[in-house]
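Each residue of the sequence shown is one higher than the one before, starting from 1 at the first, in the UniProt record's numbering.
FYI, nobody ran anything at the bench for these hints, they're computed from the structure. Here the structure is a predicted model, which is why all the values come from computation and not from measurement. Among the hints, a few may not be true.
Calculated pairs, DSS-like style, for lysine-lysine (alpha carbon to alpha carbon, straight line, at most 30 Å) [what the hints assert, rightly or not]: (1) Lys791 - Lys898; (2) Lys898 - Lys858; (3) Lys783 - Lys858.
Ranges between beta-carbon positions, derived for each pair [to be verified]: (4) Asn989 - Gly739: 19 to 27 Å; (5) Thr205 - Leu558: 23 to 31 Å; (6) Thr991 - Arg709: 51 to 59 Å; (7) Thr205 - Leu775: 43 to 51 Å; (8) Ser635 - Glu467: 47 to 55 Å; (9) Gly638 - Pro428: 48 to 56 Å.
Using N, Cα and C, we set each Cβ at its ideal position, and we do this for glycine too.
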Amino acid sequence: MRCHHCGCVNREEAAFCDECGAALTCIAVSQTGFIGRQDELAVLDNAMQQSLAEQGRIVLLSGQPGIGKTHTAQEFASRAEQQGMRVSWGRCYEEPGAPLYWPWLQLLRDWLEENDATQSGEITGSDAGVIAELLPDLRQRLPELLESPPIDDPAQARFRLLDTLTRFWQQAARHQPLVLILDDLHWADTASLKLLEFLAREIATSRLLLLGSFRDNALSRQHPLSDTLGELSRLPHCQRLPLSGMSRDETEQYLGSLAGGLPLTAVATAIHQHGEGNPLFMRELSRHLLQEGLPVDGVVARIPASIREIIGQRLNRLSRDCTRLLGMASVIGRRFDLELLAGLALPETGLLDLLDEAREAHIIEELPQPGRFQFSHALVRETLYEELSTPRRMRLHRQAGERLETLHRHDLQTRLPELAHHFAEAAPDGTAETAIDYAERAGTRADTLLAYEEAVHFHHLALQLLEQYLPGDSERHCRFLLALAEAHNRAGGHADDSLGIFVKAVELTRQAGPAAEWAVPMLARAALGYESVGWRIGRHGDRAVALLEEALAALDPLNERLRAKLLAALCRANIYCDRPQAAHAALRQATRLARRLGDPRTLFEALSAIVPARSWPEHLDERLAAASEALELVSQAGHPEWAVGDMSGWYIGDLMEYGDIDTARAVLDLHLRVANAWRQPFLQAVGLSAQAMLATHRGRFAEAEQQARENLIVGRRFSPEHAEGVFGVQMFTLRREQGRLGQLQPVLRHFVQNTPEAAAWRPGLAVLYVELELLEEARLEFKYLMTDELKAVSRDAMWSTSITYLAEVCAWLDEAGHAATLYHHLLPYVGRNIVSGAHTACYGSADRFLGMLAVTLKQWDPAERHFQTALAMDERTGGWPWLAQDRYQYARLLAHRKQPEQARALLEAALLAARELGMETLARRCDALRETLSTRPIYPAGLSRREVQVLQLLAAGRSNREVAERLFLSPNTVANHVRNILAKTNTANRTEAAAYAIGHGLVDE
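Start from the sequences and build out the full structure, keeping to the hints where you can.
Structure representation (C-alpha cells):
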C-alpha cells in the first residue's frame, strides 16, 4: 500500500507507514484503490479523460469532516500522475490570519519550482508584473520584470489580476495537462474563491481539471463559499460529488486489515452502527479499540460517544508536558513550524522529544518542509485549543505574535494577517493597540493585493477593536469607517452597506466640529465616497448633494483641488436629482477652479462630470463641448484610460444623438484599443455594445446580434444584471425589426408583471402589444404610463427611448388626446437621433416619431416637414433601417393627402430596403399599403372601407341594427366598428361622426 503522506510503498497488511508512521488511509487502500470509493473514482477518471481531451472540468468533493475527501483526492492525484498530468495542491488554512490568496500562492510556487518561467513562456510582459504583485518571489527570479500599469478603478484592477492568473494557468495547461487541487475550500479566503469562480468560467476548452473539497455541513447561506458554489453550479462543466460513509462490510474489511485478518463481524457491526460509516470516526475508534485490546468474544462493552471523546482519550495517554506543548501548537494553527513553537515553549521541555512522542501517537504528522508539522486532523487541533483556559490562550496568542515580529522583522508585510489575528485574540491582555495597528495595515495590504473582501474583514476588525478598547479616538474611528466603506465599495455588491458607513463617518465629523483638523478632510472624503457609490448604482442624488454641499461649506477656500473635486461630484449628483441648473452651476465652478490649477486630471474630472446627463436634451451642445475638451486633455496627457473609464461610452451616445457618426466611430476605436489591450470586461462590454448599436443602425442585423451576444458573455463577467439589461434592449430592437417579437412576449410580460424594478420596460411592453395587434392590452399599458404627465416613466438615460416608444403606440392607437403631450416632450430632440441609454441602441431620427404624432394630431404640414427632416438625417448618417421606416411613414401621410404617385415611389423604396435588410414587419406593412394604393381609395383618419360604409349609414340616421341588416353584419360587429370610428375620428358620438363624414366628403360616396 502507498502512504499518501510520504509516498512510500508499504506492506499490504500494514496499518501505518514504515517510513513516517502515518496511518496509511482513513479508508483502506488496496492495489485497486479505495474500498467504497470506486464509483467516485470512476467519476473522477471520466472528468480526467475529458480534461485530457481539452474539455476542462471542475469536480467538487463534499461531505462531513473525516468522510475521506482529502484521501480520495490523493488517490485520484496518483491516477492523474500516471496519465501524465501535473498535479499541484493548494490547501486552505483554517485559522484566521492566513496569507491572502493562500491556496493559489501554494499552486504558483509549486509550479515555479518545477519550471523556468522565462523559457516556458507562461509568464510574459506586463502579466509577470501583475503576478509579481501577488507573489514577490517571481521578481527575484525575473529581476527585469516590467511594472504593470496602474488602474484606478478597483473592479477593473482586480479583473486584470484574475484574468492574468487565469491566462497563466490556461497557458501552463497547454504545456502539460494540469490538475489543480484546492483542499478544504470551506476555509478559503473570499479573494481565493473569487479567483476560483473566475478561472472556472474560462477552462471549458483547456487541459485543466479543478478538484475542490469542502465540508458541506460547515456552510450557511452567509458563508462566502455558498455564493461560489451557486456560481459554479451554473457551469455545465462543473460537477458536485458528495461522499458518503463506508458500508458495514467495508467497515469489517478495514477493521480486519488493522487486526491482522481476525474475524470481527460483531465489532465491525457495532462500530459501523455507532460511527454511521464516517471513516475518520471509525479509524480513530478502531485505533482506540486496538489499543484497549479487542474482546475475545467480539462484544464491545463501551464505545465512546463522539470523535472528540476518542481524541480526548488518546490525548490522555500522552505525557503532561507533551499535551501542554501541543496546546501551544494549537494556538498557532493546524500547521505549525518548529521555530515559532520554540518561542512559546519553555527551554527545559525537551521540544523535539515531545514532538516525537506526539508523532508516534499519530497526533501530529511531519510535513515535507523541514521543521514543519501538522495535526493529524483539524478536530485534534480544535480539541486541544478548546481545552486551553481563556487567560492562557490569550497569553499564548500574544507570545505567538511577538515571536512572529521577531522572526519576520524584515518582512512583516506578508505576515500582517497572522499578526492581526494573534494580537486581536490577545487584546484583553493588553495588546489592543498593537492589534488595531496590524489590522489596519492588513486591510491596507489586502486593498493593495486587490483582495477586497479580506480588506473588509481587516478594516472591520480594526474598527471593532477600536470601538471596544479605545472608544474615544474619534479621528481613527472616522478613518477606519471610511476605509471600511471604501473596501465594501471595492468588494462590490455592498453598496447599501457602504453608503450607511459613509453616513456614520459624516456623523463623527459633525460631532468633532470644524475645530478638529481632521474633520473637514474626512467629511469631504465621505461625501465624495457616498456620491461615487450612489451614481454608479443609479441612486437618487439628493443625499449626495446635501453631503457635498456640507463639505464645500466647511472646506478651506484655499484647498482648490479638493474643492474642484467636490464641485465635479456635486454636478453629477445634481444630474441624478434632475436639477439641470444646479448641475451646470457646479460644473462651471469646478472647471474654473481646475483651469486655474492647471492640473489636467482635475480638469478632466470636472469636464466629464456632465456627460451622464443624457436625459437633458437641451444641454447636448454643452455636453459635447465638455467631452471634446476632455478628450483633448486625454490626448495631451497620454492617458487614454481616463476617457475609456467613465466618459467614452456616454460621449459615443451623445455623438450618435447629434448625428456625428464619424467622430463616434473614432471615439469607439480609441475605446476598443484600450479595452482590448487591458482585457477589461466592463470596457470591452461598452465597446461591444456600441459596436452592436452602430451595426444595427447600418442594418447589419446578423453582425449586431453576434456582437450583442458577445457583449452578454463578456459583460456577465463583470456585471450580470447590467449586461442582461443591455442585451435585452438590443435584442428587442433587432427582433422587432425582424418581425420576431412574438418570441419575447411571454417572457417580457411575465418579467414586467412580476419584477418590481422592471417598470422601465413597460413602454417596450406597450410597443410589443401594438406589434402583435393586441390593441386592448396596448391601450391599457399606454393609458397607465400617460397618467400624471408620465409620472410612471423614469427621467433617466432611457427617457428618450421611453417617450419614443410611447409616441409610436400613441400613433398606432390614434390616441390624439395624448399626442400633444408626447409631442411636447419629444420636440427637444428635433433634428437629432434617438439613442437608448448611454450607447445601447439607436432608433434613427426623432423627426420620424414627431411626424407620426403630428399626423395623429392632424397637423399635416408639420408632419410632412418632420418626415422630410428624418429622411435627410437618416440618409446622411447611414441609418438604413430607419430611412426605410421614414419612407413608409411619409408614404402613409402622402396617401392620406391624396398624393398617390409620390406615396408609391416612397413605398417601393421602403419595401425594397425592408426585404434586403430582413425587416419583416415593415415589409408586411408596405405590402398592405401598396395594395391599398393600388385597389382602394384612401380614407382619412385610417378608416377602412367597411368603416366608411358604416359611417355613411350612420350619417343617414340608421341605427346599429339597421346598419347590420343593410351590410349583412352582426349587431356586435357593427358596434365594434362604431367604437373604432369614434376613436379614429376623435369624435364623441354618432352626431359628431356624421358631421365628420360630411366635412370630409364621405357621404357622397
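Against the structure, the hints come out as follows:
1. Lys791 - Lys898: It is violated: about 39 Å lies between the C-alpha atoms, which goes past 30 Å.
2. Lys898 - Lys858: 15 Å, holds
3. Lys783 - Lys858: 21 Å, holds
4. Asn989 - Gly739: 19 to 27 Å: 38 Å, violated
5. Thr205 - Leu558: 23 to 31 Å: 59 Å, violated
6. Thr991 - Arg709: 51 to 59 Å: 57 Å, holds
7. Thr205 - Leu775: 43 to 51 Å: Because 49 Å falls inside the window, the suggested range holds.
8. Ser635 - Glu467: 47 to 55 Å: At 49 Å between Cβs, range holds.
9. Gly638 - Pro428: 48 to 56 Å: Given range 48 to 56 Å: holds, Cβ gap about 54 Å.
The structure does not agree with the numbered hints 1, 4 and 5 stated previously, though it agrees with the rest.
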